[in-house]
Amino acid sequence: MMSAREFDVAIVGGGLVGAALAFGMRELGPRLAVLDEGDVAHRASHGNFGLIWVQGKGLRLAPYGSWTQHSARAWPLLATMLRELTGTDVALRQGGGLHLCLTPDELERRAQHFVELFGQDGFERYEVEFLDRAGVARRLPAVGADVAGGTWCALDGDCNPLRLLSALHDAVGREGVVRIAGAAVDRIEPENGAFLLHRGRSVMRAGRVVLAAGLGNARLAPMVGLVAPVVPNQGQVIVLERVQPFLPFPLETIRQTDEGTVLLGDAQADRGLDEATDPAVLAAIAQRALRALPALRDARVSRAWAALRVMSPDGFPIYGQSRTHPGAYVVTCHSGVTLAAAHALTLAPAIRDGALPAMVAPFSSERFDVRAAA
Amino acid sequence: MFVRLPDLAGEFIEFFVDGQPCTARAGDTVAAALLAAGHLACRNTPVSGAPRGPYCLMGMCFECLATVDGRPNQQGCMIAVASGMRVETQRGARAVVVDPDAGA
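Protein chains in written order, with the working numbering: chain A, 590 to 963; chain B, 173 to 276.
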């Protein structure tokens, strides 16, 4: 009989969610394993926009607003720790962010959104500044003439998400955490309170297992008595050539990286866009970007990409521990950058100690249980 | 540094690098003309500031970016040099022109 490698905790998934969790449990050292599928993975972490975004989030689930703010507040500490532990600067900026509304109709809907958001019981309120075009132009002189206005929130920011992912893995590796790459987990088999993870012909045993496999969680969660009904939701991003710094803070759909490239996305793609790559979508993104910032009209496109968000039925994260197989956890979200600090500094230590923190109770996967909903 | 092959024909033309007259041969790319004229570096990278010059000469590496006749970030290896052309070496990233009246 082949003997299995033994770990206290196995994290399935080495993207931003898995890496942030591993960071928060890194003192387990060689008793912690991170299983990373490798380059065949969908890798939402390699496609994201890099925003640390608070404003507007939490409609229909007020605690999501609090959780997001909690993470945004913890972000400076995470960035400092990563710099001290690895020397990597993840280019964190948290001086505020702007959501632009191109038309009066969009501005009106934005205002209505905040009325509903802030009107919810228990919503942890924050300052949002409503700006007409002149107000936007004071913050952003480059704004287009026919932009109706926007909302400004001082809690918003951005970072370099690729450096974040690499710094997390670097910090984790320095503690001797075992990273196993190159094969997906085929099957998880509960065994005497522990878990056997089968990958091809190899098997390993872990006392606890944390599913952070993005879209793969949908398949893996039922093996340990959890549900994670996540589906792919496609987003597309256009990347412009490097230009001199002209955008000192991120817009929700346009940001300039610390190295000068300009990313164009569009929150409109958040809803209902899970089709294949579509030049018409890219054209629409470019058109809206030019209305927002006409100065970009002669900047050249370097590349464009599409990536798959990991979307739950209600769009909110799923955090759960299995009732039937205690010690098995599921963690999934589509804001792996914004929530990285909360995952690393709050969620991971709690899972290491054997329970989910009270703050994440509203995000239990049991909300998707048919019997609970009936 | 670079020496022209003797079997290539083509008339000599004058162009300008940072305002200084240089000689090229009709049919040269801007990148080849820069190298032949001894300008090995045509820009500094926006990230580290390191000097860079034409490398792949076939449109892939984007190392030969320069300002050509006032247009920034042009790939020198993809453009034929022309008589009187004004090539400027580029320090860091190009600017975007923020015109407060844009779109008005």
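Any given hint could be a false lead.
What the hints assert, rightly or not - Only some residues are given here: those of chain B computed to face chain A with a beta carbon under 8 Å:
(1) Pro218
(2) Val219
(3) Gly221
(4) Gly225
(5) Met257
(6) Ala265
(7) Arg266
(8) Val269
(9) Val270
Think of the hints as simulated: they come from the structure by calculation, not from any bench.
Model, not experiment: these values are computed from the prediction.
Built from N, CA and C at the ideal position, the CB exists for glycine as well.
*Which numbered hints turn out to be false for this structure?*
3, 4 and 5
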